Amino acid sequence: EVQLVESGGGLVQPGGSLRLSCAASGFTFSSYWMHWVRQAPGKGLVWVSRIDSDGSSTKYADSVKGRFTTSRDNAKNTLYLQMNSLRAEDTAVYYCARDNGVAKNDYWGQGTLVTVSS
Amino acid sequence: DIQMTQSPSTLSASVGDRVTITCRASQSISSWLAWYQQKPGKAPKLLIYKASSLQSGVPSRFSGSGSGTEFTLTISSLQPDDFATYYCQQYNSYSLITFGQGTRLEIK
Chain A
514 EVQLVESGGG
524 LVQPGGSLRL
534 SCAASGFTFS
544 SYWMHWVRQA
554 PGKGLVWVSR
564 IDSDGSSTKY
574 ADSVKGRFTT
584 SRDNAKNTLY
594 LQMNSLRAED
604 TAVYYCARDN
614 GVAKNDYWGQ
624 GTLVTVSS
Chain B
45 DIQMTQSPST
55 LSASVGDRVT
65 ITCRASQSIS
75 SWLAWYQQKP
85 GKAPKLLIYK
95 ASSLQSGVPS
105 RFSGSGSGTE
115 FTLTISSLQP
125 DDFATYYCQQ
135 YNSYSLITFG
145 QGTRLEIK
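So the sequences go chain by chain: A and B.
For the first sequence, our numbering gives the first residue as 514, with consecutive numbering after it.
For the second sequence, our numbering gives the first residue as 45, with consecutive numbering after it.
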């Protein structure tokens, strides 16, 4: 069974940093691109970033470029999102999602809440 | 960036109704469009990919159509479990993926 479990969310002050993790199981993690998607409270889905299967290529939404870094450890079956210079508008539930190519994001984690507030 | 516009934003319907949600892209995305269903407090669930392909395990009352810039999601006969928010997502460009703003389907 495919499982994605995010962790690392919490309350952080503006300007602070946080690292999210997404532990994958039930599939060959190293074969799949992965994405981060976020959702501010009461708002819609917003794509954040994606990373290719070996971690050699990443892409980011303009809103997080230069502040967020996506990485992965295929030996640990884990995806990461390093978030720096956090702003109030980064407050959201952050989901990791598997990229199945044509079928796009076929599996999602349950999400982890990041709250940026003083 | 490719902008995705869904309509309507909110849709009121009854069990058994046939409903259609539209998603328009600001430029052609061929058939690189997916539809997701999301219930409160839950992760999105993939329903349709590549505009019209039904994801495994999704009931056949869900269908998708369209290509280029205009797409539709149709639910042929609404069931109580279908009341949720629906999002389209374009993945034509691997540089930037974008979602529509969502359509909330509520009980009339």
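Treat the hints as calculated values from the structure; they're not laboratory data.
Bear in mind the structure is a predicted one, so any value in this text is a computation, not a measurement.
We put the CB at the ideal spot given by N, CA and C, even for glycine.
It cannot be assumed that every hint is accurate.
[What the hints assert, rightly or not] Think about it this way: if two alpha-carbon atoms lie no more than 25 Å apart in a straight line, the pair counts; the simulated DSS-like pairs of lysine-lysine are:
#1 A:Lys-572 / A:Lys-589
#2 B:Lys-86 / B:Lys-152
#3 B:Lys-152 / B:Lys-94
#4 B:Lys-83 / B:Lys-94
#5 B:Lys-83 / A:Lys-578
#6 B:Lys-152 / A:Lys-589
#7 A:Lys-556 / A:Lys-572
#8 A:Lys-556 / B:Lys-152
#9 A:Lys-572 / B:Lys-89
#10 A:Lys-572 / B:Lys-94
#11 A:Lys-556 / B:Lys-86
[As the list claims (entries may be wrong)] Anything over 12 Å on all C-beta distances counts as not near chain A; from chain B, calculated:
#12 Leu-55
#13 Thr-64
#14 Ser-70
#15 Ser-72
#16 Ser-107
#17 Thr-129
#18 Lys-152
[Unchecked claim] Now the in silico label distances, taken between C-beta atoms and shown as ranges:
#19 B:Gly-60 / A:Gly-557: 19 to 29 Å
#20 A:Asp-586 / B:Lys-86: 46 to 56 Å
#21 B:Val-102 / A:Ser-530: 30 to 40 Å
#22 A:Ser-570 / B:Thr-49: 21 to 31 Å
#23 B:Ser-72 / A:Asp-586: 18 to 28 Å
Item to complete: Measure nothing beyond the straight line between the CA atoms of Lys-556 (chain A) and Lys-152 (chain B); if it is 25 Å or shorter, mark the hint as holding.
Response: With a Cα-Cα distance of about 22 Å, the restraint between Lys-556 (chain A) and Lys-152 (chain B) holds, given a limit of 25 Å.
- Within 25 Å, alpha carbon to alpha carbon, are Lys-83 (chain B) and Lys-578 (chain A)? Given pair Lys-83 (chain B), Lys-578 (chain A) is violated - Cα atoms ~29 Å apart, limit 25 Å.
Exercise. Is the Cα-Cα distance between Lys-572 (chain A) and Lys-94 (chain B) 25 Å or less?
Worked result: holds, 21 Å
Can you tell me whether the CB distance of Val-102 (chain B) to Ser-530 (chain A) sits inside 30 to 40 Å?
39 Å Cβ-Cβ, so the 30 to 40 Å window holds.
Hinted pair Lys-152 (chain B) and Lys-589 (chain A), Cα distance within 25 Å = violated, 48 Å
Kindly confirm whether 46 to 56 Å is satisfied by the beta carbon distance between Asp-586 (chain A) and Lys-86 (chain B). This hint is violated: roughly 27 Å between Cβ atoms.
message: Beyond 12 Å on every Cβ pair: is that true for Lys-152 (chain B) relative to chain A?
response: holds, 22 Å
Practice task
With 12 Å as the threshold, tell me whether Ser-70 (chain B) passes as away from chain A on beta-carbon distances.
Solution key: holds, 15 Å
- Query: Does the no-contact call for Thr-64 (chain B) survive, Cβ to all of chain A over 12 Å?
  - Reply: The assertion about Thr-64 (chain B) holds, with a minimum of 20 Å to chain A.
Q.
If we take the beta carbon of Ser-107 (chain B), is the closest beta carbon in chain A still more than 12 Å away?
A. Label holds. Min Cβ-Cβ 16 Å, cutoff 12 Å.
Query raised in the report: Taking the minimum C-beta separation from Thr-129 (chain B) to chain A, is that value above 12 Å?
Result: Not fine: 8 Å to the nearest Cβ puts Thr-129 (chain B) too close to chain A.
Is the straight-line distance between the alpha-carbon of Lys-86 (chain B) and that of Lys-152 (chain B) 25 Å or less?
Cα-Cα ~23 Å, so holds.
Hints 3, 5, 6, 17, 20 and 23, counting from the list given before, are not met by this structure.
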